[in-house]
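A.B. asks: In my numbering, each residue's number is its place in the sequence shown (first place is 1) plus 85.
Treat the hints with caution; some may be incorrect.
To be verified - Calculated pairs, BS3-like style, for lysine-lysine (alpha carbon to alpha carbon, straight line, at most 25 Å):
no.: 1; residue 1: K208; residue 2: K178
no.: 2; residue 1: K116; residue 2: K176
no.: 3; residue 1: K269; residue 2: K178
no.: 4; residue 1: K272; residue 2: K153
no.: 5; residue 1: K178; residue 2: K201
no.: 6; residue 1: K156; residue 2: K178
no.: 7; residue 1: K153; residue 2: K201
no.: 8; residue 1: K178; residue 2: K252
no.: 9; residue 1: K176; residue 2: K115
no.: 10; residue 1: K269; residue 2: K156
no.: 11; residue 1: K272; residue 2: K115
no.: 12; residue 1: K153; residue 2: K252
no.: 13; residue 1: K192; residue 2: K252
no.: 14; residue 1: K272; residue 2: K201
no.: 15; residue 1: K116; residue 2: K269
no.: 16; residue 1: K269; residue 2: K115
no.: 17; residue 1: K156; residue 2: K176
no.: 18; residue 1: K233; residue 2: K201
no.: 19; residue 1: K116; residue 2: K233
no.: 20; residue 1: K116; residue 2: K156
no.: 21; residue 1: K269; residue 2: K153
no.: 22; residue 1: K192; residue 2: K176
no.: 23; residue 1: K116; residue 2: K153
no.: 24; residue 1: K272; residue 2: K176
no.: 25; residue 1: K178; residue 2: K116
no.: 26; residue 1: K153; residue 2: K176
no.: 27; residue 1: K201; residue 2: K116
no.: 28; residue 1: K272; residue 2: K156
no.: 29; residue 1: K252; residue 2: K208
no.: 30; residue 1: K201; residue 2: K176
no.: 31; residue 1: K234; residue 2: K115
no.: 32; residue 1: K234; residue 2: K201
no.: 33; residue 1: K252; residue 2: K116
no.: 34; residue 1: K115; residue 2: K178
Quick caveat, the hints were computed from the structure, so don't treat them as lab data.
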Amino acid sequence: MARTTHEAAREYDNQGTFDIFVLENDQDAKKVQFMINSTEDILAYTYHGIGMQSARGIGYERKVSCLKTSKDDPMGTCPLCDGGDPGGVGKIKTARFIPLYSVDENKVLLWERGAKFIDNTVKGFINRMVANGRSLPSLVVEIVRNGKKGDQQTTYVTYPLENYQSKDIADLDIPDPEGSLIAKWTKQDMQQYLRDGTIPNPAAATTNAGVQRRESRVEPESRPGKHAEDAAPIDTSRGTAVTAPEDYF
Numbered sequence: 086m087a088r089t090t091h092e093a094a095r096e097y098d099n100q101g102t103f104d105i106f107v108l109e110n111d112q113d114a115k116k117v118q119f120m121i122n123s124t125e126d127i128l129a130y131t132y133h134g135i136g137m138q139s140a141r142g143i144g145y146e147r148k149v150s151c152l153k154t155s156k157d158d159p160m161g162t163c164p165l166c167d168g169g170d171p172g173g174v175g176k177i178k179t180a181r182f183i184p185l186y187s188v189d190e191n192k193v194l195l196w197e198r199g200a201k202f203i204d205n206t207v208k209g210f211i212n213r214m215v216a217n218g219r220s221l222p223s224l225v226v227e228i229v230r231n232g233k234k235g236d237q238q239t240t241y242v243t244y245p246l247e248n249y250q251s252k253d254i255a256d257l258d259i260p261d262p263e264g265s266l267i268a269k270w271t272k273q274d275m276q277q278y279l280r281d282g283t284i285p286n287p288a289a290a291t292t293n294a295g296v297q298r299r300e301s302r303v304e305p306e307s308r309p310g311k312h313a314e315d316a317a318p319i320d321t322s323r324g325t326a327v328t329a330p331e332d333y334f
């Protein structure tokens with residue numbers, strides 16, 4: 086089990102089906118509600134990166150869940166930690182996913198973001214909501230992409246939408262990316278990979294089918310019936326932004 090917390094994942098930073106949140110092109114935008122009350126609700130995982138190649142010959146990294154639950158776990162807990170190249174497969178990496186409810190699409194999406202984005206944008210956003218007596222899930226915001234596809238200077242800007250009624254999302258399930266976006270290998274799978282490069286169940290590396298779901302931790306609306314215009318002001322001139330290279334699109 087590689088689930089951890091946003092803060093705990095810092096220790097590694099320097100070393101059913103569901104959909105992902107994507108804004109592919111410049112000025113693409115979506116209206117969403119954040120399905121978190123604090124950064125502790127962000128889905129954070131530790132993983133190992135496995136070099137893969139698509140059917141079109143394009144190389145990419147496959148995330149494989151690390152079997153360690155803390156840095157203090159003994160040798161032998163995770164074969165990839167013990168037997169992999171410390172600068173390659175053996176390196177522990179982190180992945181964070183922000184669950185969003187898409188107002189436009191009426192479904193839950195996961196947005197993969199890095200620690201810098203969470204610290205510089207999401208944490209401040211939450212603090213402003215708390216200071217003004219609001220919970221983050223009650224606010225409808227528009228996220229806008231500024232940057233062409235592949236542009237390493239891409240930024241994302243959030244705008245509060247004052248005339249949108251938020252939806253009660255307390256009972257919505259939040260998907261768990263572990264087992265789909267992040268593969269779950271057994272010790273035997275890892276040992277086999279280290280011996281001869283065998284990828285267990287390679288078909289699963291290109292699908293997110295069969296993902297397990299976890300119960301939502303979004304708290305019920307503390308002030309039911311409130312509209313987005315009651316939200317705390319959050320940079321209404323231009324919003325908040327973060328730059329690449331956290332942009333994976």
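A.B. asks: Does each hint fit the structure? Answer for all of them.
C.D. replies: Evaluation of the provided hints:
Between the alpha carbons of K208 and K178 the distance comes to roughly 21 Å, so the proposed pair stays at or under 25 Å and holds. Pair hint K116 plus K176 does not hold up; C-alpha atoms about 36 Å apart against a cutoff of 25 Å. Distance restraint check for K269 and K178: the Cα-Cα separation of roughly 15 Å lies within the 25 Å cut-off, and the hinted pair is therefore satisfied. Distance hint between K272 and K153 is fulfilled; the C-alpha atoms sit about 11 Å from each other, no more than 25 Å.
The straight-line distance between the Cα atoms of K178 and K201 is roughly 15 Å, inside the 25 Å bound, and the hint therefore holds. Under the criterion of a C-alpha separation no larger than 25 Å, the hint pairing K156 with K178 is consistent with the structure, at around 12 Å. Restraint check: the Cα-Cα separation between K153 and K201 comes to about 24 Å, which is no more than 25 Å; the hinted pair holds. Under the criterion of a C-alpha separation no larger than 25 Å, the hint pairing K178 with K252 is inconsistent with the structure, at around 35 Å.
The hinted pair formed by K176 and K115 fails the criterion: a straight-line CA distance of about 35 Å is larger than 25 Å. For the suggested pair K269 and K156, the alpha carbons sit about 19 Å apart, so the restraint of at most 25 Å is met. Taken as a hint, the K272 and K115 pair is broken in the structure, with Cα atoms around 40 Å apart against an allowance of 25 Å. With a C-alpha separation of about 38 Å, the suggested pairing of K153 with K252 is violated against the 25 Å cut-off.
For a cut-off of 25 Å, the pair hint linking K192 to K252 stands: about 11 Å separates their Cα positions. For the suggested pair K272 and K201, the alpha carbons sit about 32 Å apart, so the restraint of at most 25 Å is broken. A threshold of 25 Å between alpha carbons decides the hint, and for K116 with K269 the separation of about 32 Å lies outside it, so the pair is violated. Distance check on the hinted pair: K269 and K115 sit about 31 Å apart at the alpha-carbon level, beyond 25 Å; violated.
Only pairs whose Cα atoms come within 25 Å are accepted, and K156 paired with K176 is accepted, the gap being roughly 12 Å. Of the supplied pair hints, the one linking K233 and K201 holds, its CA atoms being roughly 21 Å apart against a limit of 25 Å. At roughly 20 Å between alpha-carbon atoms, K116 and K233 fall within 25 Å of each other, so this suggested pair holds. For the hint pairing K116 with K156, the CA-to-CA distance comes to about 38 Å; that exceeds 25 Å, so the pair is violated.
Between the alpha carbons of K269 and K153 the distance comes to roughly 12 Å, so the proposed pair stays at or under 25 Å and holds. Between K192 and K176, the direct Cα distance comes to roughly 34 Å. Violation of the 25 Å bound is thereby established for this hinted pair. For the suggested pair K116 and K153, the alpha carbons sit about 37 Å apart, so the restraint of at most 25 Å is broken. Taken as a hint, the K272 and K176 pair is honoured in the structure, with Cα atoms around 16 Å apart against an allowance of 25 Å.
At most 25 Å may separate the alpha-carbon atoms for a hinted pair to count; K178 and K116 exceed this at roughly 30 Å. Restraint check for K153 and K176: the C-alpha separation of about 12 Å stays at or below 25 Å, so the hint holds. Distance check on the hinted pair: K201 and K116 sit about 22 Å apart at the alpha-carbon level, within 25 Å; holds. For the proposed pair K272 and K156, the alpha carbon gap of about 17 Å is at most 25 Å, so the pair holds.
Only pairs whose Cα atoms come within 25 Å are accepted, and K252 paired with K208 is accepted, the gap being roughly 22 Å. For the hint pairing K201 with K176, the CA-to-CA distance comes to about 20 Å; that is within 25 Å, so the pair holds. For the hint pairing K234 with K115, the CA-to-CA distance comes to about 16 Å; that is within 25 Å, so the pair holds. This hinted pair checks out: K234 and K201 have alpha carbons roughly 20 Å apart, not beyond 25 Å.
The suggested pairing of K252 with K116 holds, with an alpha-carbon distance near 12 Å, which does not exceed 25 Å. Annotation: proposed proximity of K115 to K178 is violated, straight-line Cα distance about 29 Å (limit 25 Å).
Hints 2, 8, 9, 11, 12, 14, 15, 16, 20, 22, 23, 25 and 34 from the list above are not met by this structure, while the remaining hints are.
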